[in-house]
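Number of protein chains: 2
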Amino acid sequence: MHHNLSELSDLYRAHLLEDVIPFWEEHSIDRDKGGYFTCLDRAGNVFDTDKFIWLQARQVWTFSMLYRQVEQRTAWLEIARHGADFLKRHGVDDEGNWYFSVTREGKPLIQPYNWFTDCFAAMGFAQYALASGDSQATDIAVKTFRNVLRRRDNPKGKYTKQVPGTRPLKSQAFPMILVNLALEVEGVVPDEEIHRTIDDSIREIMTLFYDNERRITWDNVAPDGSHPDCFEGRIILPGHGIETMWFMIEAIRRFGGDRAIIDKCVDAIVNLIEFGWDNQYEGILYYRDIMDRPPVQLEWDQKLWWVHIETLVALAIAWSVTGRRDCR
Amino acid sequence: MHHNLSELSDLYRAHLLEDVIPFWEEHSIDRDKGGYFTCLDRAGNVFDTDKFIWLQARQVWTFSMLYRQVEQRTAWLEIARHGADFLKRHGVDDEGNWYFSVTREGKPLIQPYNWFTDCFAAMGFAQYALASGDSQATDIAVKTFRNVLRRRDNPKGKYTKQVPGTRPLKSQAFPMILVNLALEVEGVVPDEEIHRTIDDSIREIMTLFYDNERRITWDNVAPDGSHPDCFEGRIILPGHGIETMWFMIEAIRRFGGDRAIIDKCVDAIVNLIEFGWDNQYEGILYYRDIMDRPPVQLEWDQKLWWVHIETLVALAIAWSVTGRRDCR
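Taken in order, these protein sequences are the chains called F and X. Whatever position you read off the first sequence (first residue = 1), add 801 for my numbering. Whatever position you read off the second sequence (first residue = 1), add 801 for my numbering.
It should be emphasised that the hints constitute simulated quantities derived from the structure, not laboratory data.
Which copy is meant is left open, because identical chains are indistinguishable; a pair holds if it fits in one copy or across any two.
Here are the simulated lysine to aspartate or glutamate pairs, DMTMM-like style, with alpha carbons at most 20 Å apart:
#: 1; residue 1: K944; residue 2: D895
#: 2; residue 1: K834; residue 2: D851
#: 3; residue 1: K971; residue 2: E1033
#: 4; residue 1: K908; residue 2: D1030
#: 5; residue 1: K908; residue 2: D833
#: 6; residue 1: K971; residue 2: D851
#: 7; residue 1: K908; residue 2: E1033
#: 8; residue 1: K959; residue 2: D894
#: 9; residue 1: K908; residue 2: D894
#: 10; residue 1: K957; residue 2: D895
#: 11; residue 1: K962; residue 2: D895
#: 12; residue 1: K971; residue 2: D1001
#: 13; residue 1: K971; residue 2: D1090
#: 14; residue 1: K962; residue 2: D851
#: 15; residue 1: K834; residue 2: D1030
#: 16; residue 1: K959; residue 2: E896
#: 17; residue 1: K889; residue 2: E906
#: 18; residue 1: K908; residue 2: D886
#: 19; residue 1: K962; residue 2: E896
#: 20; residue 1: K962; residue 2: D894
Chain F with its partners taken away, still in its complex shape (with noise of 0.2 Å):
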């Protein structure tokens, strides 16, 4: 490769703001119902009307995130407020958890089982506030991040299928999301609980999930930090791991801590990206167990485009941190 980071930057730069963002200002701005369209083939046609709070959110966050470090325009911002208003208005039931999905007109479809969901709208509410200084916004993001860690030891609640005591797991989607989490509300909910849900997470992914000697991470492991020779146990999904040890870089870089971690991380990313490599068609799987044992995913060996994306997010983070040529 004989791009440097400053033209590679251009590049993404322009293909952003002059490609993917005003497609996304033309086709999902739902004008009639509120809210966005995220189901848009590639002429920006409308093939589903459903809204799923997962893209909502993220889409609020996008255009919150834009008019904050990208540039001050006003579409940008009203565009956020159009999202952040339909989601106030009907993602969220009585407690505060947020749906995972309503129709077009904001009637709720499927229940707040997803704890993911609430983490996207934390995130979008808290860079919706810091755009737009709307105090309720405020409100929102602080009360849903609270939320988020109250129900971080049972994600799921009710809708949890696993048989308690039998084969207890930890996932490192959680502190993942967590370290991620804390990194966006910065600047709303008080510094405190930032570094406190910081140090928390960088602690259990370093203690449980990062392996030391093979320097990577595993994506479900006893309580104890060992490894049950079962089919989630053995699972790896490398585009986990690459996003969580990225994750972990910025939170260091950002906030301090042990920089020795920040080596680990690194390592583990050029691993990950080994470990999930396809050798034969290239590209990085989607799931790969441990042992080569056959995953029970039928989708294991697709090649999905975030990993792709968080995979090429930590290798220019790795290398702008690190100057580490095997990130080049």
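Starting from the known structure of chain F, fit chain X onto it as the hints suggest.
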């Protein structure tokens, strides 16, 4: 194709009895902890020891069926008994609901959220009761059959994530498996209950799921048979429809009923193969959107073994019952 039905029958029979079944007899019996290993690689090595109740019950069914319909080999009845004993002891909770999976030793792992598990347990115990004359197996089959019917309007119980009322949908999978189940418990469950279950299910399929214009079946419809324009409403699983059709042909052939329905079933088999066919790479797709929009299921374009097996079975039955040349 130049095969005739009796050549094909000899081919499949030899493959089943000389290759497939001996493999399972040799490698799948867990002599130490009871039940069966079902995660076997091509050499017969066990790569996971968790026991999924679907598969345990299907294996009890298979060896009981072989004993009853192929040859009264003691070894086959013993294998069926081996699995039935494990299931009696470990497969079911105090209310008669079947767990989804248990550990190798039989400790429950995943709660009884999956109503199809109960269907397969009832089928397994019914066949085993008929093979063995074990009256306890008869009791379990009858009790589970009635429990399945009792749960049919709310199969997932508290694990249901749909918000009630917003977009009620009925799934073809429920009447489909009830036709199959009713066929499999003949001789164990009183005839009157079997006939009523089959009649009700066929009526539901033909009035709600069968499309008289397109001559295919839909997978999910509104309670009035209309088609909500949403991911679930638009999705068709050709393998499901094909399976439903041959269950219905078999039920009408065995118990009598409206013969005109058989022609509709054969039409749907042929049309669903065509609708699901991948013209580029051949084979039948797992999922296809009726309006050709992108499905949410990542695995939508995979070619699953069960879809193709059900299709072969359906075509063989359709051909033998109607002689229609488009089924050859």
